[in-house]
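Okay, here's what each chain looks like letter by letter:
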Amino acid sequence: MKKNIKLYIAIIIPLLVWILPTELIPIKDLTVVEHRVIALFLFAALFWILEPIPIYATSITVMVLLLITTSDRSFIIFQLAAGDPDFGTLIRYQDIMGTFASPIIMLFLGGFFLAMAATKYRLDLNLANVLLRPFGSNPKYVLVGIMVITALFSMFMSNTATTAMMLALLVPVLKLFKPGDRGKVAFGLAVPFAANIGGIGTIIGTPPNAIAVRYLTGDYAMGFGQWMVMALPFVIIMMVFLWFLLLRFYPIETETINLQIGGKFLKNWKAIIVYCTFAVTIILWLLDFLHGMNAYIVALIPVAVFSATTIINKDDLRNISWDVLWLVAGGLALGLALEQTGLAESIVASIPFSKFAPLLIVAFASILTIIMSNFISNTATANLLLPIMVALGVSVPELYDVGGLRYIVLTVTFACSLGMAMPISTPPNALAYGSGFFRTQDMLKMGIIVGAVGLAFAYIYLYVLADVVDLL
Amino acid sequence: MAKPNIICVDDQRDILATLKKELQFFREYVKIFYCESADEAENILDEIDAKGEHLAVIICDHVMPGKSGVEFLGEVNNDIRFQKTKKLLLTGLATHEDTIEAINKAKIDRYVGKPWETHDFINKVRTLLTEYILEEGIDYNEFLTVLDQDTLYKRLRNTT
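Sequence order for the protein chains is F and P.
With the numbering used here as the guide, the letters of the first sequence map in order to residues 1 to 472.
With the numbering used here as the guide, the letters of the second sequence map in order to residues 1 to 160.
Bound conformation, chain F alone (with noise of 0.2 Å):
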C-alpha cells in the first residue's frame, strides 16, 4: 500500500470517529473528554500499526495532539463546555508531560547508560569470549552458548543490539559451513529468536515489560528480582525447547565450529569503573527487597556513575536511542489519558466480558497480541493493548479467581515478545533476515511454533504461579 494512502486512512478514520455525536457511540454515559480520546485511541493505533511515519513520530503526535484537545489547558474550543455534566474531566497537562520522566523511562535510560559503557569498553565481546568457551567447539553445544549469551544479553541490552553483536560474530563462521549445510538456518534463527525470547527476563530486557511495570501497581507490583525469578524459568525452558526444535528441523553437519573472538579485558580504571558498576547495579536490583531502593532508582546510579567519569561523554549521550524512550512515554500518556478519563473502564463495561470464562478472556487477549506484535512494534503492542488489559484486569471479578491482574497483564506482555514469524516482526528477526542464512519460510515456520508453544506454556506456567502455586 502506499504510504499516501496510509496516512489518508490512519487520518480519515479517527477524524470520522471524532465527528460522530457522542451518543451513536454504544458505550454507556460516554463524555466528551472520552470521545475525544477515543478518536486518539484509534489514530495512535492506526498509525502505529500502518506506520505512514515513524513509530516513535506517532507517540509524540499522540502526546501533543492530547495537550490540545483533552488537557486542562487544551485549545480553547476544546474547554468551551467544561463543567457540563457529560463533559467529563480534562487532563492535567502536566501529567501527559510527565510521562517523559516517568520512572520506567528513567529505568530505561539507566538500561542504556549499562548497555554504552558495556558496548565502549568491550565488556559484551570480552564476556561472550569467556561465556563461550566452555561450550567447545561442536557445533551443537556452540548452538547452546550462542542461545545462551544472546539471552543473557539480551536481558541487559537492546534485542537488537545484541542480535547485532552475536551475528557479526557468527556471519563469519557460517560462511566457513557447506553450502548444502541446514545446520545455517539453525544458527541464523537461533540468535534473533533467543534475543527475542530472552528480552522477557527483565524488566529492562524489552520496553514490553517495563510498560508492563508501569500499570501493575499498589498490591501488584513488581521489583526487579520479583519479575526475574517469574521470567527466568520461562526463559530457560524456551531456549531448551527452541534448542531441541532447530537441530530437529536443522541438523549440523559442519564437525567442528571454531568461534574465534580474541580480546582481552580492558584494564584501565575507566574499563574497571565500568565492569564493577555493572555489577553493583544489578546486584542492587535483585536484591530491592534489602535495601528499600527501587529499580528505578537504582537504574540512576550507573547514569550518574558513567556521566561523572566521562565514561559516557556529551558524543555519546547523543547516541542514546531517544526515539525508543519517546516511543514508550507517547504510549504512557495515552494509556493514562484511558485511565483518567475512565475510558478504559467504560469501553470494559461496555462489553459483557463476565459472560465469557475468565481464562478464555485471558487467551483471547493474548492471541491477539501475538498476532499485533507479530505485525507491529512489540512496545507499540503493548502500548495499545496493555492499558486496556488493566483496566479488564481491574474490572472482570471473575478473573480475580484466576491470578487477576498479574495474570492477564504479563500472559499479554509475554506475548508482545513471542511474535516473531516474519522478517518485519522485530529488529533482531529483520537483521538476521538480512544476513541471508535462512528463508523468509524458515523463519516463519520455526516462528510460529515457537510462537504458539511460547504462547501456550505462558498461558500454563503464569496461570500455574498466579493460581495454583500463589507466587504471583
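The hints are simulated quantities; they were obtained by calculation from the structure and are not laboratory data.
Ideal Cβ placement from N, Cα and C applies to all residues, glycine included.
Be a bit skeptical, because a hint or two may be false.
In the SDA-like style, the derived pairs of lysine to any residue whose C-alpha atoms are separated by at most 20 Å in a straight line are [unchecked claim]:
1) P:K114 to P:S68
2) F:K175 to P:H119
3) P:K154 to F:R122
4) F:K120 to P:L134
5) F:K2 to P:K114
With beta-carbon atoms standing in for the labels, derived distance ranges [as the list claims (entries may be wrong)]:
6) F:Y141 to P:E47: 56 to 62 Å
7) P:E28 to F:K140: 37 to 43 Å
8) P:G113 to F:N258: 44 to 50 Å
9) P:E75 to F:E255: 52 to 58 Å
Once you have looked at the hints, place chain P on chain F.
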C-alpha cells in the same frame, strides 16, 4: 521517501556501460546517474541538493578531459552540502602524486584500480552505501537486502 542517489563519472562510455550493468544490483533502492565529465556531475549535484535528496556515493574516474577526478572529488570534499557523501576513486592511471592528493585532499573512502573485479567492486559500494545510510540516520530497514551486513552489525552493536 526519495531514494538516495549514486553518481558515476567517467569519460569513457564503455566504462559507464559496465558500471551500469554492475550497479543493476542497487537499482531498486537507489537512483543512479551516469555522467561523462565532472562538469556534468556538478549539475547533478546541484539538482540533488535542490530537491533535498541524499547523495550517498560518488564513483569517479581520475583521468578525464577537463577537471580530473581527484580535483572533482576534492571539491566535493570541501562542499558543505555533501560532507557525508562517500567517495570512490576508480582509476588505472593515477600517478603517485595523484594518489597522495586523492587521500589527503579529496579524502576518498575507497580506491579501485582498473580493471576491477565485479563482486569486490559491488561489495565496496555496498559498504559505502551502508555507512552513508547509518551516518545519515536513514531507516536502514528499507535497504536491508543491499546493505553490507558486517558493517551494519558492527555499527548496530552500539545502539542502546
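Going through the hints against the structure:
1. P:K114 to P:S68: 16 Å, holds
2. F:K175 to P:H119: Roughly 16 Å separates the two Cα atoms, so the pair holds.
3. P:K154 to F:R122: 12 Å, holds
4. F:K120 to P:L134: 18 Å, holds
5. F:K2 to P:K114: 42 Å, violated
6. F:Y141 to P:E47: 56 to 62 Å: At 57 Å between Cβs, range holds.
7. P:E28 to F:K140: 37 to 43 Å: 39 Å, holds
8. P:G113 to F:N258: 44 to 50 Å: With a Cβ separation near 34 Å, G113 of chain P and N258 of chain F fall outside 44 to 50 Å, so the hint is violated.
9. P:E75 to F:E255: 52 to 58 Å: Holds: the Cβ-Cβ distance is about 56 Å, inside 52 to 58 Å.
Checked against the numbered hints given earlier, this structure breaks hints 5, 8; the rest are met.
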